[in-house]
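J.: Put chains B, C and D on the given structure of chain A with help from the hints.
If you're matching them up, the sequences are chains A, B, C and D in order. For the first sequence, this note's numbering assigns the number 1 to the initial residue and increments by one for each residue that follows. For the second sequence, this note's numbering assigns the number 1 to the initial residue and increments by one for each residue that follows. For the third sequence, this note's numbering assigns the number 1 to the initial residue and increments by one for each residue that follows. For the fourth sequence, this note's numbering assigns the number 1 to the initial residue and increments by one for each residue that follows.
If you are wondering where the hints come from, they were derived from the structure by calculation, not from laboratory data. You may find that some hints are simply not true.
Incomplete in silico selection of chain C near chain D, CB under 7 Å [to be verified]:
1. S241
2. T276
3. F277
4. A279
It should be emphasised that the depicted structure is a prediction, and the values quoted were computed from it without experimental measurement. We put the CB at the ideal spot given by N, CA and C, even for glycine.
Next come the chains, spelled out residue by residue.
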Amino acid sequence: MRYEFTAEEEQFRAELVEWIDELDDDYKGLSEAGSDDDWAKSLEVRRMLADKGWLTLHWPVEYGGQGASMMKQVIFTEEMVYHSIPGRDGFGTRMLAPTLMVHGTEEQRKEYLPPIARGDVQWCQGYSEPDSGSDLASLQMRAVDDGDHYVVTGSKIWTSQAHRADHIFFLVRTDPDAPKHRGISFLLSETNVPGIRIEPIINMAGHHQFNQVFFDEVRVPKANLVGEENRGWYVAATLLDFERSGIDYPAQAQRALDELIAYAKGMKGVTGLPLSEDPDTRRRLVDLQIQVDSTRGVAYEVADMQGRGEIPNKEASMAKTLGTRLVQDVHRFGVDLLGMYGQLRPGSYLSQLDGRMLDAQLGTVAYTIFAGTTEIQKNIIATRGLGLPRG
Amino acid sequence: MRYEFTAEEEQFRAELVEWIDELDDDYKGLSEAGSDDDWAKSLEVRRMLADKGWLTLHWPVEYGGQGASMMKQVIFTEEMVYHSIPGRDGFGTRMLAPTLMVHGTEEQRKEYLPPIARGDVQWCQGYSEPDSGSDLASLQMRAVDDGDHYVVTGSKIWTSQAHRADHIFFLVRTDPDAPKHRGISFLLSETNVPGIRIEPIINMAGHHQFNQVFFDEVRVPKANLVGEENRGWYVAATLLDFERSGIDYPAQAQRALDELIAYAKGMKGVTGLPLSEDPDTRRRLVDLQIQVDSTRGVAYEVADMQGRGEIPNKEASMAKTLGTRLVQDVHRFGVDLLGMYGQLRPGSYLSQLDGRMLDAQLGTVAYTIFAGTTEIQKNIIATRGLGLPRG
Amino acid sequence: MDLSLTDTQQMIRNSARDFMTEHIDSDYVRKMESHETGTDKEIWKSLAEMGWTGLLVPESDGGAGMSLIEMAVLLEEMGATALPGPFFSSAVTGATAIAEFGSDKQKQEFLPRLVDGDLVTALAFLEGSAAWDPGVVQATATRSEDGWALSGAKVFVPGGAGADVFIFAARTSQDGAPEDSLTLFLVDAKQLDSSAIKSLDSISDDRFAEVDFDGVTVPPDAILGEIDQGWPALKRILDVSTAAKCAEMLGGSRKAVDMTVEYVKERSQFGRAIGTFQAVQHRTSEMATDLEVGRQLTYKAIWKIAEGKDYEHDLATAMAYMSDRFPEICYGAHQMHGAIGFTQEHDLQIYSRRAASARVMFGDANHHRKIIAEQMGL
Amino acid sequence: MDLSLTDTQQMIRNSARDFMTEHIDSDYVRKMESHETGTDKEIWKSLAEMGWTGLLVPESDGGAGMSLIEMAVLLEEMGATALPGPFFSSAVTGATAIAEFGSDKQKQEFLPRLVDGDLVTALAFLEGSAAWDPGVVQATATRSEDGWALSGAKVFVPGGAGADVFIFAARTSQDGAPEDSLTLFLVDAKQLDSSAIKSLDSISDDRFAEVDFDGVTVPPDAILGEIDQGWPALKRILDVSTAAKCAEMLGGSRKAVDMTVEYVKERSQFGRAIGTFQAVQHRTSEMATDLEVGRQLTYKAIWKIAEGKDYEHDLATAMAYMSDRFPEICYGAHQMHGAIGFTQEHDLQIYSRRAASARVMFGDANHHRKIIAEQMGL
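This is chain A alone, in the form it adopts within the complex (with noise of 0.2 Å):
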């Protein structure tokens, strides 16, 4: 048993947190749901992970990376969130990349790693459709056999960055006869080829951030498809090496603490004691701190039982219920704390904290419903976790 990181794991942390010292202060804080100057220079940070190794830490040495433990990933993921430096790559480096080095043919591997790793491209992905959310295995996308194409017809929604992105990879039904999670196929395609028609969908804080994403007669080369036809859903679902601990989500919400603690500290009320002397802020910032500490300790649970190379299955849905919960409480708090000041937006006179929290209170409406809402991990915790039979 050891509560602590490795002397070797805190020395990368030195090294990462010198770094992003060093980085000017205009590529902190970038969202990249953010201005299309925002984006560029995510890119440009994009570039500089690539340079410092750092962008495929977490893959395998046999494909360029580092190769580098599970402790480290989450070391690196930690400060990046912590400090709000952009540039990693989720749906290149840590879930096509992967992907592909499990089921991907040796020509794909080595047509698609090497610009992933160089942070050249970006993808997104298209899973959800408008009648398939939690329910994804029903999606109705259609790919039909033309001998040595798939001709593709429908729509995928919430497509995050579909409209920065070159390629997509997505999931088609191949067999609509089969059953519903046997007749799906895994196709990778560029965004820039006909029948392919993107329109974004601006989210309640205002931001562009997804998108719907039209296929009509999109003609696919079926050496786009990764793994065996009709075996998509399995591609798609593989449990993958890399860290999924959920960390993002403790480090976002410590930072967001950290800045009200400090604000509350420097900011005076009605009666001229700081807000941080106020017994209902006192209490509700040491929750808060609770909840972090909660939550990052389940994160950490989670990438220690990677490192020993058992899968947490439970474990993965208790950090996504905690951190999103998490994420949500630390901004709602953050906004009662501005009191009428927490209305303001980005960018108005007179917001505080650059209304980032009111814009991260809008953002994270959303963290319990994307990527298997809430309800859906409390059913994956009882039944996969706990064995309660299914419903």
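T.: Relative to the frame of chain A, chains B, C and D by itself:
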């Protein structure tokens, strides 16, 4: 719109409270699940209530009651509960009697109503069975037709006060082949008859509140069938025109809260200040008062609807979920407030508030379980109240 | 106890629903969020024609002379529609201020215009910490030759850019508790240079502005109420506004629950309506329960104010509750709606954004909990 | 980071499970609740034979010299079985007190007896308000000819009637902060008249007593640690005990979750196992999540103490969490069990009663939240 009681109602309240004030303190705070002596005293109060006409306050005048308005009934319950006065008769006056008024024969009414009205008899209710809790309609206790009798075999559980009851009303299965709601009949029996055996169940607070009642070929005359054979489910479920607002819960909670406020103001903590000066304590007292006011508001609403002849389906379930949770919360807080002393049992050396908070904290664990669990109530609110489709 | 609506109240509810159905939809609400002043003159006139701008104005002053209960019934519908514009600020806060505390001259000057939809008022109270507390006022008014010289800037003035008259709170005495040293003034917006008004970009449609009153001089008869007695008057104005805000929040909450009930009946996943899932049923039933509680607490407080009863405890309870639960109901609605409710195109977010503002207007839940503690003798 | 158990720890867990399975069942737990002193000599001897009473005692003093981690693994199992008796009070609190602060003479006198299962100790600290704070101590010890004359009564002395030696905290200096004026004494129970000990009837099995030390005189070498330095020593003893209590609560929580998972798989209503209902699945999964968090927080704090790291924040976090969640997990278990869990015959209530006591031992959640606030620099 009027959010206050009428002058006549307030006059009734004043009369009742005056009577309560004059009642000997020995009668106050008695638990019906207490000692035999407590029980005997409860019965004395019951007869006093009968003499005042209050035991049957809610009965129609034609049956010798006062035909009181719904709001008078609410006031009666509220003050009796708030002042911890025993003697009300839930099973006789409030459950069986109204059922007989609607479904009973003239003979049954003549035989059973007068002793109930005089406070001379104790009934108990045999509904639940070991395998039929939330799913009450699955009950299996058999009544076999034997000419002018039924022969009843099986067992009932969670039968409150069975050990003090002269009679029992209960549900049995008279047609095992019918759909489950349609083979049930509603019977009456004395408890002191051959074949009935009553075993105590001690609850986690150490009180003898419940019993299991075993029936072994008990002969029940058919004259004791209430309503039609096989229609007992509907007899038991008749929506009765008697107050069912759930006002008991906020009344009980307000009493506990008032005691806790007085305690917090009078007791000094280690700092030398009264506990009521502690910000967390203040916050929780305020939140509990909000909860009491919330629950009382819905209870009044239920009574108001009933008074206007509307059927408060979802509102009654709301009052029950809110009220049971409230009564749990206030006593859990009470135990908290007493700190280390919170764990001392009634009668213990050094116990505070005579250990009532602990006793009620344990006892109210069952509130969200009995008489329709909170889960079942929420199902009802969703399906009957909001029209969501059944699962 | 009679918790039903009177015929008049029912009639107001019905006409409000008819009006909203005919004139206000979510496209209109969205469009108005980028409207220049926030006041759509045409709709504003229509509200006056319905008799609503003058609902709280006594008949002797040309209004309908109705009570806060009728106003609450109306506001509940406006909240359910998320009606944009200066109605609340003028017909509730402004009308109460002038009708209850105005001199005869002020009433004659302003109330008919307010009733006719020709006057938009705005409360200029908050500064600095923006606490809803008399101590927040640092702005001053000092006697000058011609009247009073004002000084100081106000924040979170609702509809600041579109107001015709500001109700301005200033200290008129530097010693003494703030409760005994504030005075209210009616300040004509024409007195202010447009550069004195800076818009704040808020999540909701309140059109808040910072308004700088430095250098403005007002005549002696600009005083609303009595000198140094501004706080008791303002407290009353804030109390009425708080109660009215609860009613508006109740309407928004009701809409969020209704939308959710509709959605979970229609949306299907795993081959069945999601409203059949117990987790969805339970969350929805909790939202509906919160709503029912909010209705009882809100109307009780409003009834007490309307009837001249002692209302402090009930009002603070209603506001503490609605301020907590309106956002919470909206969060529940979002969770039940899933991704679609998170988009700007969907109407749900209109209500969750309204909640974020309404809940802190006139003091947040903690502010009102402190009042409850006092009322409880703690 | 390595959150797994070492082989030794795993071995302790296994032997603890074996021992509990063989010797302790719920009938035994119930029976012991009405046992006269609360100490079953036979079991107490067996625990000594297993090497557990001396687990924290250094090898040089005849113990196993293991760390708090091993003790926590053991206590988790004891908590899961609700093992009655003075183990905690003696082998954790008492052993820490004497092993860490005893003089050589005291160690020689008491530790071997403790290791051998011949000594039961009890902490006599709380008085009056029963706050876990140095200011709670009003009892005094004044120098007399033969040593120290004690005065004052202590409350919530665990296992008061069965203890052989009390660890008694008294003020030895009337001026100065309580932190600088307490002294600890080891007081032989034989010094006390049986009338000095009054039993308290508590919900759990702690066998609390009020113990009156008035008129007792102890020799100079009864002092544990240094004069006027009792608080720093006591704080350390309380910290170790707090961490150990978290481990015990963790065991109880685990048991409540396990019982629930078992029950909802078996219990059938509406023609299906109740564990298929989503409301049951979700509540159970929340309980399991709370348990998992509690495990991480608890072992992290324990590891930090065992490794000599700065542990204040983590310990207070673990205790604040477990103190809140152990009862909450039990409430969830009751709700999932329905009526049957509410009976005395059912084992669940044993754990919910244990929770009611454990959660306030060594300071409740609010007490520990205040420590966290300090640690956060608030």
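J.: Hints first: check each against the structure and report whether it holds.
T.: Evaluated hints:
1. S241: 34 Å, violated
2. T276: Not OK, violated: T276 of chain C not within 7 Å of chain D, min 10 Å.
3. F277: At 6 Å from the nearest chain D Cβ, F277 of chain C passes the 7 Å test, so the hint holds.
4. A279: 5 Å, holds
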